[in-house]
Amino acid sequence: MSTSVPAYLDNAATTPLLDAVRAAMAPYLEEEFGNPSARYPLGIEATAALELARQRVARATGARSEDVVFTSGGTEANNLAVLGLARARRRHGRHLLIGPTEHPSVREAARALEGEGFELEDLRLDRDGELDLEHLAASLRADTVLVAQMLVSNEFGTVYPVARVGRLVRANAPRAVLHVDAIQGLGKLPLSIGELGAHSLSVSAHKVHGPKGSGALVLSEGVRPRPLLYGGAQEHGLRSGTENVAGIVGLGRAAELAAGDLSATTSHLEALRELLATEVRRTGVARVLAPGTMRSPAITSLLLSGPPAEVWMHHLEARGVMTSVGSACQAKKRDVSPSLRALGLGEEQSRHVLRVSFSKKTSEEEVRTAVRAFVEVERELGAPR
Amino acid sequence: MARYGELWLKGKNRGMFERRLAQNVKHAVEGISDVRIERDQAQLVLHPESRARDVARRVQDVFGLSSVFLARGTSADTEAIVAAAEMVLAEALEARPRDRVLTFRVQTRRSDKSFPLLSTELDRLVADRVMPPYEERLRVELSKPELTLGISVRPGRAYVFAERMPGAGGLPVGTVGRTVALLSGGIDSPVAAWMAMKRGCEVVFVTFHSYPYIGASYEQKVRALVCSLGRFQARSLLYSVPFAGIQTQIRDHCPPSYRTVLYRRMMHRIADRIADAEGAQGVVTGDSLGQVASQTLENLACIEDAARLPLLRPLLCFDKGETIELARKIGTFELSIQPEPDCCTVFQPRKPIIRGRIEVCRNAEGELDVAGLVSAAVEGAERIEA
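Listed in order, the protein sequences are those of chains V and P. 332 is the number that the numbering used here gives to position 332 of the first sequence; each next residue is one higher, with no gaps. 1321 is the number that the numbering used here gives to position 321 of the second sequence; each next residue is one higher, with no gaps.
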């Protein structure tokens, strides 16, 4: 297998580090190694770096900097929100509502709460693949304490109407908080915790050209989860542990760049999506799955014929084209993703869905290379069976 | 102190067995501590510089040893032995419940017959000296006591111990010879390889991958299994053989129901060639009679027909449950159950043949350039030092 990657089209999984981000981080991996809890200049410099990063993340998400909690990444941010907010509010009730396509770091955390006496209910998609808001409104209760609804689906790119969810939650379950997993939304859509009506929002650095192992939970004023980690009371006691200074600096810079370049990025992503759709149509190698719902321009799902998408994926990767099937249909999981079911795909067909995802670093040439590889692979796999 | 198992039965070869065992032990503890190894009658005495318990646990995985004792060394005089015995007993009792009386004895072995006391005399003397502080916790019982304080008196040195750790049994790896073991990502084949090692075979691993029909992560899984099994032999080699080319040929030219049997015939031809290159004299497989369609008597015969070297099938008459139990014990089970398709799932026929016939296999292969395909696969194989 080649190590250079002619076409990296799996940006929903992770993205390459930007030079500007690496440069921002470098001093904190070298001479600025201080512990932010230390009271001498080396420590104070580290604290200053954290606070700058906090401001940058706050600005990128429309929050106040004192409401930003740094974590070890998206999974921890989602766990802190789901476990921490539910536990903090348990005296108000035990009812949880979880979006239909939540990431496992939300879904499994919520499931773990069932063992603590919480009652878990799933939201639904309607026949068009839209979030079923009628069902949501009917499901909200006086004892609902947490609703978790992601902003952009990592498997399909569906953009959910979270602001409407926020309004429904406020109207029908005044004691509930709304957690929004915005990990695939940062840098793809304008992001504002206030406009979404969310009480917490999670972001991850490595999905926006930052380092792995760094993320944040952004809170609205006055909303505080119970911590998951206890110790030295860093992050206002919400997340103990010596801060990952370089990683946090990287997150801050990456978030700033992601939010700053938003309109240029969006038009670039839209152009790439259009190019892919055109080329796929012209060559006839696949069908673009285009539901009527609003979608992130960064993610396109393709329905392939012949062998399962996983076989396509490995043949493509052998040609240096990186794509993914993992999220659309996890290899050993029998469940068809609700978004695919909403498009009328059954278990067999859902095994033929390949995810292609772009970032602002993706070039048109990569898309063309990928389509050429699709054509070659189709020819190779077309042998008699 | 690491006691031999059946090694001492081996008559004139004993020296060779002992040397190999000492080498294997030395290799096993590399990176844990520097260890000086002495050979003594029916045991190796290891002198670790530090981390003796870690050394002992590691040595438990070395084949050819029946038990390992964590012992305290001392000079071979009575007072020093008593002092050591007091410490060993105190440690042993710290780790045991206080709420009931334990049966106890002292048991001396002398290899230094010039030691002034007889074994039984030393037993009694030490017991009289160490027991008084623990009168309420210990009661002497000579047969099957719960706690034995062992003393081994050797020329110039004595060892006191209370903790016996079971050894892995078997024969030192490499003393019986070298074999190739076919390794899939499944539960059975790592256990089969382990059993061959247990009986003294050094194992060279061979795996077949169908990249790009399955992912490159398959190879990572197999490498993880090889690393895990690496605890049991000094150095492991893995051949990773590209197999998709052969599979597409078989798919395109042979009866679908025979695919799996024909895959396996090709695997054995390739394994034989690798065995030749590595000086191995047999091929180990994880076959279990009747477990899947390719493991009927007829199909095993079809597969064996293409193999030249002797086939070792240590799991042949094991139930799945028995194999799983062993896999858990040796630590491969968790790795094996990681979901990862292997090459056998590629182009799997809807209805595999149950009672294959050798002539049909041979005829089907008439459509293939068998020698060319085998050579290409052998040449394309990656040799990995794990």
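Wrong hints could be hidden among the right ones.
To be verified - Derived contacts from chain V toward chain P, CB cut-off under 8 angstroms, selection only:
| hint | residue |
| --- | --- |
| 1 | His315 |
| 2 | Gly320 |
| 3 | Met322 |
| 4 | Glu365 |
Unchecked claim - Here are a few chain V residues that sit away from chain P, every Cβ distance over 12 angstroms (derived from the structure):
| hint | residue |
| --- | --- |
| 5 | Ala137 |
| 6 | Pro308 |
| 7 | His314 |
| 8 | Leu316 |
| 9 | Ala318 |
| 10 | Arg319 |
| 11 | Glu380 |
Derived from the structure by calculation, the hints contain no laboratory data. Ideal placement from N, C-alpha and C gives every residue a C-beta, glycine not left out.
Query raised in the report: Can you give the numbers of the hints that this structure goes against, from lowest to highest?
Result: Of the numbered hints given earlier, those the structure breaks are 2, 3, 4, 6, 7, 8, 9, 10, 11, listed in rising order.
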